[in-house]
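Please work from the sequences and hints to get the whole structure.
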Amino acid sequence: MKIISIDDEVWPSNLLKLMVEQIKNNNPDFSEVEFTSYFTNTADAMIYLENNIVDLIFLDVEMPGMNGLEFAAQIEALNIQSKIVFVTAYSKYALDAWKTSAIDYLLKPFDSANVERALKRALPKTTAGNKIKTTDSPLFFRCFPKFELLVNGTPKAFQSKRAKELLAYLIHNQGCWVEIGTLVYEMFGDLDEKSCKSHYRVILARLKKELASCNAENIIETKYGAVRVNIPIDSCDYYMLLEGRNVELFRGEYMQDYSWAEAERTRLFRKYNLQQ
Numbered sequence: 620m621k622i623i624s625i626d627d628e629v630w631p632s633n634l635l636k637l638m639v640e641q642i643k644n645n646n647p648d649f650s651e652v653e654f655t656s657y658f659t660n661t662a663d664a665m666i667y668l669e670n671n672i673v674d675l676i677f678l679d680v681e682m683p684g685m686n687g688l689e690f691a692a693q694i695e696a697l698n699i700q701s702k703i704v705f706v707t708a709y710s711k712y713a714l715d716a717w718k719t720s721a722i723d724y725l726l727k728p729f730d731s732a733n734v735e736r737a738l739k740r741a742l743p744k745t746t747a748g749n750k751i752k753t754t755d756s757p758l759f760f761r762c763f764p765k766f767e768l769l770v771n772g773t774p775k776a777f778q779s780k781r782a783k784e785l786l787a788y789l790i791h792n793q794g795c796w797v798e799i800g801t802l803v804y805e806m807f808g809d810l811d812e813k814s815c816k817s818h819y820r821v822i823l824a825r826l827k828k829e830l831a832s833c834n835a836e837n838i839i840e841t842k843y844g845a846v847r848v849n850i851p852i853d854s855c856d857y858y859m860l861l862e863g864r865n866v867e868l869f870r871g872e873y874m875q876d877y878s879w880a881e882a883e884r885t886r887l888f889r890k891y892n893l894q895q
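Just so it is clear: in the sequence shown, position 25 is 644 by the working numbering, and no numbers are missing.
Hints listed in this document are in silico derivations from the structure and should not be mistaken for laboratory results. Just so it is clear, CB atoms sit at the ideal spot from N, CA and C, and this is done for glycine as well. A couple of the hints might just be wrong.
[Said to hold, decoys possible] Across the chosen pairs, the derived CB separations fall in these ranges:
{"hint": "1", "residue 1": "Glu836", "residue 2": "Glu628", "range": "41 to 47 Å"}
{"hint": "2", "residue 1": "Lys765", "residue 2": "Ile672", "range": "39 to 45 Å"}
{"hint": "3", "residue 1": "Ala696", "residue 2": "Lys827", "range": "46 to 52 Å"}
{"hint": "4", "residue 1": "Leu697", "residue 2": "Thr841", "range": "41 to 47 Å"}
{"hint": "5", "residue 1": "Gly871", "residue 2": "Ala696", "range": "24 to 30 Å"}
{"hint": "6", "residue 1": "Ser814", "residue 2": "Pro647", "range": "32 to 38 Å"}
What follows is the structure in structure tokens.
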């Protein structure tokens, strides 16, 4: 998968290149990913797209001349098949961005977990952690309209609401490694980081204990500074929806109890052209 970046500032493209290389080196699912070039204006980028195959574009919104939204509309009109991830420092563009065919929307300053999520969405559906296609597990993870862990068809009663939210957040991140700093910020807000990380460790221990009661504690994987969930695609309705299956399950609500899921809910809402 060949990637370019378009940003009128050079540093975001340099940071993206570094993060892509780190993700590629740390995860064999991304071995075919290649950051090929970057551009500081849309005119030069268009010339490149007309002469080269590009699978994914990280595209800034605010640029002199043609902005990112206009550029996305132009390449779509020209039937250029590159997927787009918008990158911007301004959340005000989110609604307009999701009206396009963009697959993700990154707010600056982004981190490697954000970039890995975008890469995973851009890869062919048979890669990036999606190797296991079916499961005979009694567990099913339901994300529409609310998050529930079903054990043999019955919603599990979590003793800790935060442990349940942590599991939902990891499911939401589609099996990507999530940096602890990002996790505690999105789940707990802009509070004291040291206290939040300590609180996270307590919640993680509670989650593993909750999952152990249904012999599922091994779905949580950890490494230094990061955590992820590892489950088969067919054990989660959200993952099946991302593959284009069971699209009727989404009716405008996605993990509706959690504010950090709002951007994805909006993206799905626009993608499936649901009415207010």
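Hints and how they fare:
{"no.": "1", "hint": "Glu836 to Glu628: 41 to 47 Å", "result": "holds, 44 Å"}
{"no.": "2", "hint": "Lys765 to Ile672: 39 to 45 Å", "result": "holds, 41 Å"}
{"no.": "3", "hint": "Ala696 to Lys827: 46 to 52 Å", "result": "holds, 50 Å"}
{"no.": "4", "hint": "Leu697 to Thr841: 41 to 47 Å", "result": "holds, 45 Å"}
{"no.": "5", "hint": "Gly871 to Ala696: 24 to 30 Å", "result": "holds, 29 Å"}
{"no.": "6", "hint": "Ser814 to Pro647: 32 to 38 Å", "result": "holds, 36 Å"}
In summary, this structure violates none of the numbered hints.
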